[in-house]
Amino acid sequence: MAGVRLDATRQQALSVSLATGAYGLSFGALSVAAGLDVWQTAALSLLVFSGGSQFAFVGVIGAGGGAAASVATSTFLGLRNGFYGVGLAPVLRPMRGWRKAWGAQVTIDESTAVALAQPAEDVEARRAGFWWTGVGVFVAWNAITVLGALLGTRIGDPADWGLDAAAAAAFLALVWPRLAHRRAQAVAAASCLLALALTPIAPPGVPVLAAAVVAVVAGWGHPRPEKVPE
Amino acid sequence: MSAYAWMWVAIVAAGLLSWATKLTGHSVPEAWLENPRVHRIAAFVTVALLSALVAVQTFASGGGLTVDARLAAVAVAAVLLWRRAPFIVVVAGAAAVAAGLRALGWG
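These protein sequences, in sequence, are chains A and B.
Those letters in the first sequence? Residues 1 to 230, per the numbering used here, in order.
Those letters in the second sequence? Residues 1001 to 1107, per the numbering used here, in order.
To be clear, the hints were calculated from the coordinates, so they are not data collected in a lab.
Careful, some of the hints might be misleading.
What the hints assert, rightly or not - Rough simulated footprint, nothing fancy, chain B against chain A, three-plus residues with beta-carbon under 8 Å:
1) 46–52
2) 119–125
3) 132–143
4) 147–154
5) 166–180
To be verified - Every beta carbon over 12 Å from chain B, so not counted as near; a handful from chain A, in silico:
6) Leu25
7) Leu30
8) Ala33
9) Ala128
To be verified - Part of the chain B face toward chain A, derived, beta carbon under 10 Å:
10) Trp1006
11) Trp1019
12) Arg1102
13) Leu1104
14) Trp1106
Positions of the beta carbon are idealized from the N, C-alpha and C atoms, including for glycine.
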């Protein structure tokens, strides 16, 4: 049974890696179009390794912004990754040395979501989900970024293939198992509404980050233990 | 320094800050996490952020909100999830709906 479940986890990790990696094609092409060379584009994917931050970085450069503005925007968009490390503590700790350094680098939306989509009582599956997705996305994202940078604008729009909708659907599928309880459903609904209300008026990154406030409000009181998503 | 060199400085700085952000989360002291309130909030944070991410990815478009093929695709994904379809079917189904609608010129 454990073997079967682990296989499902790895399958999920692999599909998420490939779907996310495919987006590296559009990042590579956009980055070169913004004026960075292939080496700089590859370095951004290796070092920053967070899609939203990277698109923002080249977006600011492409719009004529300066280096400081691009670093600030990219960093701000990556702040949510800091929260993920806290949420993943029961799954990953203890981590030390190189393992911690490497684990931190692959702490992104996808690895967090796949880890937490596994059953709460199966820490092994959650850990496998994190590492397989983190490393899988890292390999695919970096390889396909270079391909996109080399191909440049000759590639089409990923939206024509529905890849933008596929990303949203993948995150919905990954958060789905966590929505079994009323309180988690309420947190999800309030987070969606808050993020959408802020989207037209707040800078990119703020709407998603602001959802953390909903979590603070929901977790502040004393719900019965079964109401907390593990 | 040349503009090219400054670009490299910016890339390395962005990389270091990104990694430091991620590392900070993994370095929050155990004692804090043992606080039941922090524990509950940490458990809700991932659900909150990922749900907000789904909403933004479905509706956001250039600083505003818009209803397009993505909403139809995510709605189909939700039905597939409710019917307990496998993960890959949900993702591929959503991509197919969005791609199909756009090929027809809708959204």
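Quiz item: Any hints this thing doesn't respect? Which numbers, in order?
Solution: Those not satisfied are hints 2, 3, 4, 13, 14.
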